[in-house]
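Novice: This is what each chain is made of:
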Amino acid sequence: MKKVEAIIRTSKFEEVVNALAAAGVTFLSFYDVKGHGLEKEYRTYRGTTYDVGYIPRTKLEIIVSDDFAPKTIDTILKIANTGKVGDGKIFVTDLSEVYRIRTGEQGHDAIN
Amino acid sequence: MEGIFTANNLWMLVATVLVFIMHLGFATLESGLTQSKNTVNILFKNATIVPLGLLTYCFWGFNIMYPGGDYAGGFFGFAGFGLSMPEGDAGLAGYADGAYTYWTDFIFQAMFAATAATIVSGAVAERVKLHSFLIFTFIYVGFCYPIVGMWKWGGGFLNTMETPFYDFAGSTLVHSVGGWAALVGVMLLGARLGKYVDGKIRPIPGHSMPLATVGVFLLWFGWYGFNGGSVLSADPGLVSLVFVTTSLAAAAGAIGALITALIVVRSNDLSMVLNGILGGLVGITAGADQMSPTDAIIIGLIAGAFVVLAVVFFDRMKLDDPVGAISVHLVCGIWGTLAVGLFGALAGFPQFISQLIGVAVIGVFCFVFALLLFYILKVTLGIRVSAEEEIEGLDIGEHKMRAYPDMVEERTNEKVFS
Numbered sequence: 001m002k003k004v005e006a007i008i009r010t011s012k013f014e015e016v017v018n019a020l021a022a023a024g025v026t027f028l029s030f031y032d033v034k035g036h037g038l039e040k041e042y043r044t045y046r047g048t049t050y051d052v053g054y055i056p057r058t059k060l061e062i063i064v065s066d067d068f069a070p071k072t073i074d075t076i077l078k079i080a081n082t083g084k085v086g087d088g089k090i091f092v093t094d095l096s097e098v099y100r101i102r103t104g105e106q107g108h109d110a111i112n
Numbered sequence: 113m114e115g116i117f118t119a120n121n122l123w124m125l126v127a128t129v130l131v132f133i134m135h136l137g138f139a140t141l142e143s144g145l146t147q148s149k150n151t152v153n154i155l156f157k158n159a160t161i162v163p164l165g166l167l168t169y170c171f172w173g174f175n176i177m178y179p180g181g182d183y184a185g186g187f188f189g190f191a192g193f194g195l196s197m198p199e200g201d202a203g204l205a206g207y208a209d210g211a212y213t214y215w216t217d218f219i220f221q222a223m224f225a226a227t228a229a230t231i232v233s234g235a236v237a238e239r240v241k242l243h244s245f246l247i248f249t250f251i252y253v254g255f256c257y258p259i260v261g262m263w264k265w266g267g268g269f270l271n272t273m274e275t276p277f278y279d280f281a282g283s284t285l286v287h288s289v290g291g292w293a294a295l296v297g298v299m300l301l302g303a304r305l306g307k308y309v310d311g312k313i314r315p316i317p318g319h320s321m322p323l324a325t326v327g328v329f330l331l332w333f334g335w336y337g338f339n340g341g342s343v344l345s346a347d348p349g350l351v352s353l354v355f356v357t358t359s360l361a362a363a364a365g366a367i368g369a370l371i372t373a374l375i376v377v378r379s380n381d382l383s384m385v386l387n388g389i390l391g392g393l394v395g396i397t398a399g400a401d402q403m404s405p406t407d408a409i410i411i412g413l414i415a416g417a418f419v420v421l422a423v424v425f426f427d428r429m430k431l432d433d434p435v436g437a438i439s440v441h442l443v444c445g446i447w448g449t450l451a452v453g454l455f456g457a458l459a460g461f462p463q464f465i466s467q468l469i470g471v472a473v474i475g476v477f478c479f480v481f482a483l484l485l486f487y488i489l490k491v492t493l494g495i496r497v498s499a500e501e502e503i504e505g506l507d508i509g510e511h512k513m514r515a516y517p518d519m520v521e522e523r524t525n526e527k528v529f530s
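Each protein sequence line maps, in turn, to chains A and B. Here the numbering used here is used: the first residue of the first sequence is 1, the next is one more, and so on. Here the numbering used here is used: the first residue of the second sequence is 113, the next is one more, and so on.
Looking at chain B on its own, in the form it has when it is part of the complex (with noise of 0.2 Å):
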């Protein structure tokens, strides 16, 4: 029993540590997908949400999450401030059933929360006031986050319906979280200067697309950390099965944003390939568990090509997301969401309108948080930078800073003949 707890324990702090490198994976995913004058801007953002989202969890969001069985049912619940260890036998070997210490508990979803605000940093990259955008992210993985999976992880009111709601490790209570406040921002922002030029939209590549390949393929690493160690154990079975959905899933992604891009827009299009490895990434999520082979793979060709189609469909909608992340992240997380009742060991009717519930319950408080969040940032601080700023980049406007400043600073993007 010892060995075991032991063995368990070790899979979920090397889990912890893979979800950790998936905000390495954000990092630079973000930064290749934007334009080089923005860069320090970027990694600024995603080095100071993780530090927020650890600490934050910490002082209040880890115990609002899993408020203990009390609020079982419940809509919110707060267990206090602080981290505090059970005393003896009942913290460790006695915790989760011998699973996990609860200091890993803790540790590992803590890495989960500040992912939902990461999704949010490359959404409304380019153009985003940084300061407003700090309190956004301190306020929404501080409460939001925390509140909602409570609803479902913490034992709230999703988990005790007749048909409980299901989301395996997160394509709802992470991804979809993240991504409903990064199409929040991305309305109240606007797109970014030059993006749509006499109606018609005019691309803004991103600067580096080895650093995109870079991020996703690390976001991929990471993935088998988060949904590895979403089986709460190193139960054998269970995991080395979610490594082969996972997997599978993500391949699929690939191919079919592949196919996708080649029938839709016809062209071979690095960053919706890799959109769509994140895309089958989010969609297996909330399943991982509950799937077959040939499942995850059905799933992860839909997402890809769901992908491809929503960057499309967001683009013309002057929804202006540089990096995708509302396409990867809501888009396939209420697929990979819905997904789980209509494919796997939980499939049929029941689970569908149980999924159906989650997706529609927790995107209508993510939307009015966020909404409500950034109307007052936007009446009270102002969350977009002047339009100098922007045009100069936000390196120098807010961080007085170049990315690379030995490198000959060049332009392209400005249209100099039409």
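Excised from the complex, chain A in its bound form (with noise of 0.2 Å):
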């Protein structure tokens, strides 16, 4: 079992989630976040442009069977890349242990 981590640009948030959905994927969970890395963001008020510290961004937290985590993240690959900096990163970690609260089951079964 995967934990598959994608930091996405907002903008792109209900394409790769349509995506997602249409690939199979059913459990997601998702919240925006604030950070910052190679892009930056700038404003400008009362003439005066200004880098405004950090970027926003959406954060999914996707947990998929081991066979099913590449088509999770082609799919996350493709739909959320539009080239340019700052489109965002995936990261993925084995998950030991899954349960499903209302039955009990764990692992494999918890997750379909």
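Heads up, a few of these hints could be off.
Below, a list of computed lysine-lysine pairs in the DSS-like style, where the Cα atoms sit at most 25 Å apart [what the hints assert, rightly or not]: (1) Lys-34(A) x Lys-12(A); (2) Lys-84(A) x Lys-71(A); (3) Lys-312(B) x Lys-40(A); (4) Lys-59(A) x Lys-34(A); (5) Lys-78(A) x Lys-2(A); (6) Lys-40(A) x Lys-89(A); (7) Lys-307(B) x Lys-40(A); (8) Lys-307(B) x Lys-34(A); (9) Lys-430(B) x Lys-312(B).
These are computed hints drawn from the structure, not numbers from a lab.
Two chains, two frames, some hints: make the complex.
Specialist: Printed below as a string of structure tokens:
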């Protein structure tokens, strides 16, 4: 089982989630994040342009079985890509245990 | 005659309530252009300035500003404490040649009085100590405003010069009076923490552009009473002309600011356009009854351009004015007053000189008055909150309240990385 975390452009959020749903991803959390990376965000206020010091992005957290992980990652790589600096990153980690709260099922059964 | 008296008086009362709503405009504009952690504080100031202005004007202000014919040509007069309606017809149809009653005169002028102090509130926002500011306002609006007002509107020396100084509705008498105090306040207070980092300007955006926009439109709305009422009767020709010049100058101010912001700072900055509207309004105020539509448009365009340049200039001079009050009220107040000598029915060299004298004399008096007052407050009570309080916000520091208690608190103004 894998946890796929992806930081993507907020403007790409709907497109990515729709594509993931079409690919069969059924379990997904997301939240707005602020951070900093290669890209800079500039604002202008009363004649001064300034660096806001952070960039806003959306972070997805997806739990999938091992064999489903490549498809999930490919979908995000393809859909969230604009080719410009600031498209985001994907992190993949192994999960040792997963439980479904309603039934108490464990591991692979808890995901599907 | 009775009917005309009623119509005149009614218009003056309508104008009075229009001026009244400008205070809501100031309150919304100032809260919109400042951070949400200081919103209760700025609203508190606005909600107390208007009452302070009305009460001081009732107790003595009105009688300092309009002491009567005995003080013609003078510097200071006083007709006693409180209000006293002249008996019989003398306070009614006989009061101002049938233009308005004694009571109308007082309440219209009283609404003006609080305006001068409201201007200061925005400029010193987000760092001034509440009680010091209220004491300042009490004394400034209680004494400085009516003393200066007497010099012209009360029949004082600026009104009896060979070529009388002209200020129709108060570009100088109201707006610059407030503007000078705003300048002094900003000078003595210093910039907000975080406004200048390593010598560079780091803007501190206001928390609500919708509130700021509502404020500016309310001010524009109220200005029809501010200028339209300053005709001091319902004279059909003059009131309608003033409505036209006021509208056109405001519109031209917006466009002047838009174009200047595009050229000079290369952005479509809403806050600049909003300030431009106000700049145009302040600019036309001194000569709203003397200008042709073309004059009004030129005055407004230039005022709008001045506002943008002044905002950028004061920012670079490290004079931190969160709402642009100095640019709008002082710079455009001076511009509008001088414009009476350059455009319109009174234009001419002697008039221009009289305008210069008025601007200079009132400027020096207000600057020194505000400087002394702010300085005394600075060395006694102190005028600036502690750094901790400023970072936490004056809402918690001065009021133990939040303006938006159920909204997630965000400190977007703090630069985490650089």
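Novice: So, for every hint listed, does it hold in this structure?
Specialist: A quick look at each hint next to the structure:
no.	hint	in the structure
1	Lys-34(A) x Lys-12(A)	16 Å, holds
2	Lys-84(A) x Lys-71(A)	23 Å, holds
3	Lys-312(B) x Lys-40(A)	18 Å, holds
4	Lys-59(A) x Lys-34(A)	9 Å, holds
5	Lys-78(A) x Lys-2(A)	19 Å, holds
6	Lys-40(A) x Lys-89(A)	16 Å, holds
7	Lys-307(B) x Lys-40(A)	20 Å, holds
8	Lys-307(B) x Lys-34(A)	22 Å, holds
9	Lys-430(B) x Lys-312(B)	10 Å, holds
Every hint from the earlier list agrees with this structure, and none is contradicted.
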